[in-house]
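Residue numbers (the working numbering), protein chains in the order written: chain A, 1 to 114; chain B, 1 to 110.
The set of hints was computed from the structure by calculation and includes no laboratory data.
Some hints here could point you the wrong way.
Claimed, not checked - Now the stretches of chain A that chain B is said to cover, found in silico as 3 or more residues with beta-carbon under 8 Å:
| no. | region |
| --- | --- |
| 1 | 38–45 |
| 2 | 60–70 |
What the hints assert, rightly or not - Computed list of lysine-lysine pairs in DSS-like fashion (alpha-carbon distance at most 25 Å, straight line):
| no. | chain 1 | residue 1 | chain 2 | residue 2 |
| --- | --- | --- | --- | --- |
| 3 | A | 102 | B | 42 |
| 4 | A | 71 | B | 58 |
| 5 | B | 57 | A | 9 |
| 6 | B | 57 | B | 69 |
| 7 | B | 42 | B | 69 |
| 8 | B | 42 | B | 78 |
| 9 | A | 102 | B | 78 |
| 10 | B | 58 | B | 42 |
| 11 | B | 97 | B | 57 |
| 12 | B | 42 | B | 57 |
| 13 | A | 102 | A | 71 |
| 14 | B | 78 | A | 71 |
| 15 | A | 71 | A | 14 |
| 16 | A | 57 | B | 69 |
| 17 | A | 71 | A | 57 |
| 18 | A | 102 | B | 59 |
| 19 | A | 71 | A | 9 |
| 20 | B | 69 | B | 58 |
| 21 | A | 9 | B | 58 |
| 22 | B | 69 | A | 9 |
| 23 | A | 57 | A | 102 |
| 24 | B | 97 | B | 42 |
| 25 | B | 78 | B | 59 |
| 26 | B | 57 | B | 78 |
| 27 | A | 57 | A | 9 |
| 28 | B | 78 | B | 97 |
| 29 | A | 102 | B | 97 |
| 30 | B | 69 | B | 97 |
Note that the Cβ used here is the ideal one computed from N, Cα and C, for glycine as well.
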Amino acid sequence: NAGVTQTPKFQVLKTGQSMTLQCAQDMNHNSMYWYRQDPGMGLRLIYYSASEGTTDKGEVPNGYNVSRLNKREFSLRLESAAPSQTSVYFCASRGGGATNEKLFFGSGTQLSVL
Amino acid sequence: ILNVEQSPQSLHVQEGDSTNFTCSFPSSNFYALHWYRWETAKSPEALFVMTLNGDEKKKGRISATLNTKEGYSYLYIKGSQPEDSATYLCASSSWGKLQFGAGTQVVVTP
């Protein structure tokens with residue numbers, strides 16, 4: 001029962017470096033999401049993909065890009081990391097994206113940008 | 001700017017006591033209200049999803065109510081146990097996106 005799998009779990013970057021966070025789900029879900037979690041801020045939506053082939057900006061998209069590679073995979077890329085991007089990142093998915101469907105979360109990626 | 005607000009930010013509860021806390025959200029363009037439980041070092045897990053005004057959901061000792069007209073939801077924990085210690089997140093859903101509140105951290109002490 002893998003559910004939503006995120007890699008890596010931890011990452012340290014230097015300012016200006018790039019990296020891609022990987023997310024895959026095995027529940028045949030249509031919708032996938034990337035959130036960041038910062039103290040006192042709750043979970044803030046970075047990007048989401050309502051279905052394969054579509055992506056949309058969330059609340060805090062600046063500095064990030066996403067790719068919905070196929071139905072299973074949704075990656076988040078930091079092209080030029082900044083200290084402000086130090087955060088915990090969560091990938092999530094849900095079935096058809098209907099408003100009454102719950103989210104399933106990955107285990108998170110703790111990212112530090114020095 | 002958080003349109004979804006939770007209060008209090010944290011609370012301490014004695015084992016066996018009951019408690020409740022609030023989530024407020026914009027009542028316009030409302031589709032669903034989600035509650036998630038988030039334990040330290042784990043991922044958030046869904047407790048309830050509610051859509052209709054007056055909805056009440058229950059899972060064991062935890063229950064929730066929804067008032068969509070005035071834009072608030074209450075989460076209740078009856079007879080708190082140490083294993084109920086967690087951060088409880090609510091999220092308001094519209095157009096496929098969920099906006100989360102900052103959470104209420106609950107600490108239950110024996």
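Hints, verified against the model:
no., hint, verdict
1, 38–45, "holds (count 6)"
2, 60–70, "violated (count 0)"
3, 102(A) - 42(B), "holds, 17 Å"
4, 71(A) - 58(B), "violated, 33 Å"
5, 57(B) - 9(A), "violated, 34 Å"
6, 57(B) - 69(B), "holds, 18 Å"
7, 42(B) - 69(B), "violated, 34 Å"
8, 42(B) - 78(B), "holds, 23 Å"
9, 102(A) - 78(B), "holds, 23 Å"
10, 58(B) - 42(B), "holds, 22 Å"
11, 97(B) - 57(B), "holds, 22 Å"
12, 42(B) - 57(B), "holds, 24 Å"
13, 102(A) - 71(A), "holds, 18 Å"
14, 78(B) - 71(A), "violated, 41 Å"
15, 71(A) - 14(A), "violated, 32 Å"
16, 57(A) - 69(B), "violated, 29 Å"
17, 71(A) - 57(A), "holds, 18 Å"
18, 102(A) - 59(B), "holds, 15 Å"
19, 71(A) - 9(A), "holds, 22 Å"
20, 69(B) - 58(B), "holds, 21 Å"
21, 9(A) - 58(B), "violated, 33 Å"
22, 69(B) - 9(A), "violated, 41 Å"
23, 57(A) - 102(A), "holds, 20 Å"
24, 97(B) - 42(B), "holds, 22 Å"
25, 78(B) - 59(B), "holds, 11 Å"
26, 57(B) - 78(B), "holds, 14 Å"
27, 57(A) - 9(A), "holds, 24 Å"
28, 78(B) - 97(B), "violated, 31 Å"
29, 102(A) - 97(B), "holds, 11 Å"
30, 69(B) - 97(B), "holds, 20 Å"
Against the hints set out earlier in the document, violations occur for numbers 2, 4, 5, 7, 14, 15, 16, 21, 22 and 28.
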